[in-house]
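*Asks:* The chain contents come next:
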Amino acid sequence: MKVEQKKMQNALMESKDLSVFYGEYEAVKKASIPIYEKTVTAVIGPSGCGKSTFVRSLNRMNELIPGVEVKGEVLYHGDNIYDSKVDPVNLRRRIGMVFQKPNPFPKSISQNVSWGPKINGMTDALDDRVEEALKKAALWDEVKDKLDQNGLSLSGGQQQRLCIARAIAMEPEVILMDEPCSALDPISTGRVEDLLFELKKKYTIVIVTHNMQQAARISDHTAFMYQGDVIEFDETKKIFTRPSKKQTEDYVTGKFG
Amino acid sequence: MTDNHSYWAAIVRRCRNWNRNSRFSEKSVVIFLWLSAMVSILTTLGIVWVLFKESLPFFSEVSLFEYLMGTQWSPLFSPQKFGVLPLICGTFLIAAGAAMVAIPFGVGTAIFLSEYASNRTRDVIKPVMEVLSGIPTVVYGYFALTFITPLLQSVIADVEVFNALSGAIVVGIMTIPMVASLSDDAMRAVPDSLRYAAYALGSTKFETSFKIVFPAALSGVIASMVLAVSRAIGETMAVTLASGATPKLTLNPLESIQTMTAYIVQVSLGDTPQGTIEYQTIFVIGLTLFVITLCMNIVSNKVLDRYKLKYEV
Ligand SMILES: Nc1ncnc2c1ncn2[C@@H]1O[C@H](COP(=O)(O)OP(=O)(O)OP(=O)(O)O)[C@@H](O)[C@H]1O
Ligand SMILES: [Mg+2]
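Quick mapping for you: the protein sequence lines, in order, are chains A and B.
Under my numbering, think of the first position of the first sequence as 1, with each following residue one higher.
Under my numbering, think of the first position of the second sequence as 1, with each following residue one higher.
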């Protein structure tokens, strides 16, 4: 019953028969996945199955890679983001992204966080915005006395939370995360996971992960991809307890991948 | 064919074994490398020593104060005057003017090449720039004399045939490829992950290029600017041809001037006998140039360190 209700709810974003090509190579094949508001959607699957390619196509970051071609649609608030009317710059201000490797700007911590608001014209009460974003990213206490220090002087885990703060300072609606914890130690990973629970109260999150436990712990829905195909999409609980496809079961139970 | 192949294979194997077996070869490589490093150090020391040795007698006849503060320079005619300021002023005019041409155009070219140009455009522009920087400076000098100066004269009324402006412009043009190429390298060394971070926050191409990539490459860009200025200070042929040989204490770029290096060439080409004070001036000027460039290097290293701290950690 509950599942039915979820499915009835309108998706905030939805990929429809989305295919992504690198030249001739089809890295994502007709993926159709709904992304619901204020939930965490996990994308799992073995290395090279197209997870990164898929999430990058949700905010048109793929376009920055030469030779990429996208077919199909990604609906966001009902409109196709690949429509020629859509400006990818504005789109990315609504759909933020956190990368696998922390990539703070070689600027001060506060400049890192205020970059998004600044270019977006949200220049009022900038210091408050910086503080709020750092607090939301659970980094404030560690950096409040050294906001002028270079972002690169932080540890890897802190840098990643800085990148998360930088993304949420723009107040996006959706945050895409591509293996945000893969370069982090278990303690930092734990903190980022805790953070995700907080963040999903306000934001819609899509997260790529290789870590089954992580996907099971933090996500509401899970998409399992294999060789470019979305094999199965469902509530996380269902994917991990009674998946409907044999391949999914094999993967989540660790039989391959 | 196969015989030939196995013959070479045998030689290669023998060389490899020889390399591996003998400590001697490893040591000789180190010695060779050490000697190579020594050559440049010893050359520098030798030059400095000669400069000092030949300059000292000069200062027994002309006081340091007179040299540094004098406003007239005429060692080759009587009455002889040994004030270096006109030459420094001329050099400064050329260097400053050249920097004003080379830095904006060079850096602009670099930003265009590394951030905006397609690979095909780059593949055309890069070799053209290399050719430009390979043209002998004499040719640039004649270009200034026969093209830039007439052009200037048609726009501005009182431009002399030999003038600092024309020399500065042509030296600036000569150094654009160097600034562009080094700054382009510095900007391309900025990892793409930074560009992606900027784009993912909804930055435009302009914001990404000018406010993220450019500052991240700043230390390299500044290094290219410093090199451009050094090159402009050292440039001789083109400046002599375009700006003449009139040591004059003026900041008016429309007049003829003389730079320090141009003076050295002028004396060297004449038949000044060794041991005379005229002859010694060559070395005094050389020493002055050396001190100026040394100071510039020290200052620029300080500046670079500061920017490194700020941007690269
Ligand atoms: N820039 C590119 N050019 C060409 N092919 C690419 C490019 N990026 C990815 N691919 C190919 O597309 C496929 C999917 O890559 P993608 O990076 O999306 O996989 P992934 O699921 O994120 O893998 P991983 O878990 O290792 O990060 C791979 O086969 C990869 O080789
Ligand atoms: Mg990936």
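Among the hints, a few may not be true.
What the hints assert, rightly or not - Pulled from the structure, derived: some chain B residues nowhere near chain A, Cβ distances all over 12 Å:
| id | residue |
| --- | --- |
| 1 | Leu64 |
| 2 | Pro79 |
| 3 | Asn119 |
| 4 | Val190 |
| 5 | Leu194 |
| 6 | Arg195 |
| 7 | Ala200 |
| 8 | Leu201 |
| 9 | Thr204 |
| 10 | Ile212 |
| 11 | Leu218 |
| 12 | Leu294 |
Unchecked claim - DSS-like cross-link-like pairs, simulated, lysine-lysine; straight-line CA separation at most 27 Å:
| id | chain 1 | residue 1 | chain 2 | residue 2 |
| --- | --- | --- | --- | --- |
| 13 | A | Lys71 | B | Lys126 |
| 14 | A | Lys118 | B | Lys205 |
| 15 | A | Lys101 | B | Lys302 |
| 16 | A | Lys146 | B | Lys205 |
| 17 | A | Lys135 | A | Lys30 |
| 18 | A | Lys118 | B | Lys302 |
| 19 | A | Lys144 | B | Lys205 |
| 20 | B | Lys302 | A | Lys107 |
No lab work stands behind these hints, which were simulated from the structure alone.
Cβ coordinates follow ideal geometry from the N, Cα and C atoms, glycine included.
*Asks:* Take the hints in turn and mark each one as holding or not.
*Replies:* Here is how each hint holds up against the structure:
no., hint, verdict
1, Leu64, "holds (45 Å)"
2, Pro79, "holds (59 Å)"
3, Asn119, "violated (8 Å)"
4, Val190, "violated (9 Å)"
5, Leu194, "violated (6 Å)"
6, Arg195, "violated (7 Å)"
7, Ala200, "violated (4 Å)"
8, Leu201, "violated (5 Å)"
9, Thr204, "violated (5 Å)"
10, Ile212, "violated (6 Å)"
11, Leu218, "violated (9 Å)"
12, Leu294, "holds (30 Å)"
13, Lys71(A) - Lys126(B), "violated (36 Å)"
14, Lys118(A) - Lys205(B), "holds (15 Å)"
15, Lys101(A) - Lys302(B), "violated (32 Å)"
16, Lys146(A) - Lys205(B), "violated (30 Å)"
17, Lys135(A) - Lys30(A), "violated (39 Å)"
18, Lys118(A) - Lys302(B), "violated (31 Å)"
19, Lys144(A) - Lys205(B), "violated (31 Å)"
20, Lys302(B) - Lys107(A), "holds (20 Å)"
In the structure shown, a violation is registered for the earlier hints numbered 3, 4, 5, 6, 7, 8, 9, 10, 11, 13, 15, 16, 17, 18 and 19, in ascending order.
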